[in-house]
Amino acid sequence: AQSVTQLGSHVSVSEGALVLLRCNYSSSVPPYLFWYVQYPNQGLQLLLKYTSAATLVKGINGFEAEFKKSETSFHLTKPSAHMSDAAEYFCAVRPNFGNEKLTFGTGTRLTIIP
Amino acid sequence: DSGVTQTPKHLITATGQRVTLRCSPRSGDLSVYWYQQSLDQGLQFLIQYYNGEERAKGNILERFSAQQFPDLHSELNLSSLELGDSALYFCASSTRTSAADTQYFGPGTRLTVL
Numbered sequence: 009a010q011s012v013t014q015l016g017s018h019v020s021v022s023e024g025a026l027v028l029l030r031c032n033y034s035s036s037v038p039p040y041l042f043w044y045v046q047y048p049n050q051g052l053q054l055l056l057k058y059t060s061a062a063t064l065v066k067g068i069n070g071f072e073a074e075f076k077k078s079e080t081s082f083h084l085t086k087p088s089a090h091m092s093d094a095a096e097y098f099c100a101v102r103p104n105f106g107n108e109k110l111t112f113g114t115g116t117r118l119t120i121i122p
Numbered sequence: 014d015s016g017v018t019q020t021p022k023h024l025i026t027a028t029g030q031r032v033t034l035r036c037s038p039r040s041g042d043l044s045v046y047w048y049q050q051s052l053d054q055g056l057q058f059l060i061q062y063y064n065g066e067e068r069a070k071g072n073i074l075e076r077f078s079a080q081q082f083p084d085l086h087s088e089l090n091l092s093s094l095e096l097g098d099s100a101l102y103f104c105a106s107s108t109r110t111s112a113a114d115t116q117y118f119g120p121g122t123r124l125t126v127l
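Residue numbers (the numbering used here), protein chains in the order written: chain F, 9 to 122; chain V, 14 to 127.
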């Protein structure tokens with residue numbers, strides 16, 4: 009069984025400040041991990057994914073995430089927030105073999121303060 | 014634009030009715046996934062098809078069914094609708110069924126049951 013926990017359903021940061029969105033996973037087998045972003049009235053868009061290569065993963069729009077096995081974490085960061093980053097962010101986990109389902113966290117709504 | 018199209022964009026219907034949601038995957042993608050997004054349940058995987066065959070089932074109610082046609086488009090049928098079925102329904106597609114494959118999401122169909 010696998011699951012992800014996203015700490016903080018709402019996060020607010022000032023424009024230009026560091027963005028840190030937290031994701032902890034639970035998986036009985038080595039996982040693949042994903043971050044998706046959902047803008048209002050749109051579908052989900054992949055930001056980045058960890059698939060057992062480099063533990064520091066760089067994604068689109070300046071986001072990156074680091075896979076830390078010892079902490080079972082895959083936190084999403086961006087050095088400097090932009091107004092266009094306001095959206096809902098979902099962390100997701102999937103076992104790294106077979107055809108198991110993608111399991112999503114409950115999401116974190118990011119608000120950018122001008 | 015992910016390349017995944019969903020119709021209709023909005024659907025309003027009454028309890029007890031039946032509706033069909035349609036999804037066209039990205040060109041070349043063989044896998045289609047259906048998800049339900051609601052405020053109380055979050056993003057839930059419903060079902061997956063690969064090249065016309067059912068490959069995985071999630072939290073899909075017996076009142077719901079899906080199929081994937083030879084041209085690879087997919088339809089999700091929802092019957093005996095209840096108020097609680099009101100949600101956003103997303104379709105996603107991927108190239109194959111590998112756990113590392115990125116799932117590309119469509120814009121969703123918003124279903125309102127009155």
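One or more hints might be untrue.
Stated by the list, open to error - If you only want the chain F side, here are some residues facing chain V, beta carbon under 8 Å, derived:
1) SER36
2) TYR47
3) LEU54
4) LYS57
5) PHE71
6) ARG102
7) PRO103
8) PHE105
9) ASN107
10) LYS109
11) PHE112
12) THR116
Unchecked claim - Residues from chain V shown here face chain F by an in silico Cβ test under 10 Å; the list is partial:
13) GLY55
14) PHE77
15) PHE82
16) CYS104
17) TYR117
18) ARG123
What the hints assert, rightly or not - Computed list of lysine to aspartate or glutamate pairs in DMTMM-like fashion (alpha-carbon distance at most 25 Å, straight line):
19) V/LYS70 - F/GLU23
20) F/LYS76 - V/ASP114
21) V/LYS70 - V/ASP53
22) F/LYS66 - V/ASP53
23) V/LYS22 - F/GLU108
24) F/LYS77 - V/ASP114
Calculated from the structure, these hints are not laboratory results. Here the structure is a predicted model, which means the values were calculated and not measured. Glycine included, each C-beta is placed from N, C-alpha and C at the ideal position.
Point to revise | Hint validity - V/PHE77 Cβ closer than 10 Å to any chain F Cβ | key: Hint on V/PHE77: violated, closest Cβ of chain F at ~16 Å, above 10 Å.
Check your understanding: Going by Cβ atoms only, is F/PHE71 closer than 8 Å to chain V?
Key -> Interface hint status for F/PHE71: violated (15 Å vs cutoff 8 Å).
Review point. Are the Cα positions of F/LYS77 and V/ASP114 separated by 25 Å at most?
Key: 21 Å, holds
Review point. Does the nearest C-beta of chain V fall within a distance shorter than 8 Å of the C-beta of F/PHE105?
Key: With a minimum Cβ separation of about 6 Å from chain V (threshold 8 Å), the hint on F/PHE105 holds.
Check your understanding: Against chain V, with CB atoms and a cut of 8 Å, does the hint on F/SER36 hold up?
Key -> 14 Å, violated
Exercise for review: Would you check whether F/PRO103 satisfies its interface hint, that is, whether its CB is within less than 8 Å of any CB in chain V?
Suggested key: 6 Å, holds
Review point. Do the alpha carbons of F/LYS76 and V/ASP114 lie within 25 Å of each other, as the hint requires?
Key: 21 Å, holds
Review point. Does the interface hint hold: is F/LYS109 within less than 8 Å of chain V, judged Cβ to Cβ?
Key: 4 Å, holds
Check your understanding: Does F/LYS57 pass the interface hint, meaning its C-beta sits closer than 8 Å to a C-beta of chain V?
Key -> Since the shortest Cβ distance to chain V is 7 Å, the answer is holds.
Point to revise | Supplied contact hint for V/GLY55, tested at 10 Å Cβ to chain F | key: 5 Å, holds
Point to revise | Evaluation of the interface hint that places V/PHE82 against chain F, nearest CB under 10 Å | key: This hint is violated: V/PHE82 lies away from chain F, its Cβ roughly 21 Å from the closest one there, beyond 10 Å.
Exercise for review: Below or equal to 25 Å on CA atoms is what counts here, so check F/LYS66 against V/ASP53.
Suggested key: Outside the cut-off at roughly 32 Å; violated.
In this structure, the earlier hints numbered 1, 2, 5, 12, 14, 15, 19, 22, 23 are contradicted, and the remaining ones agree with it.
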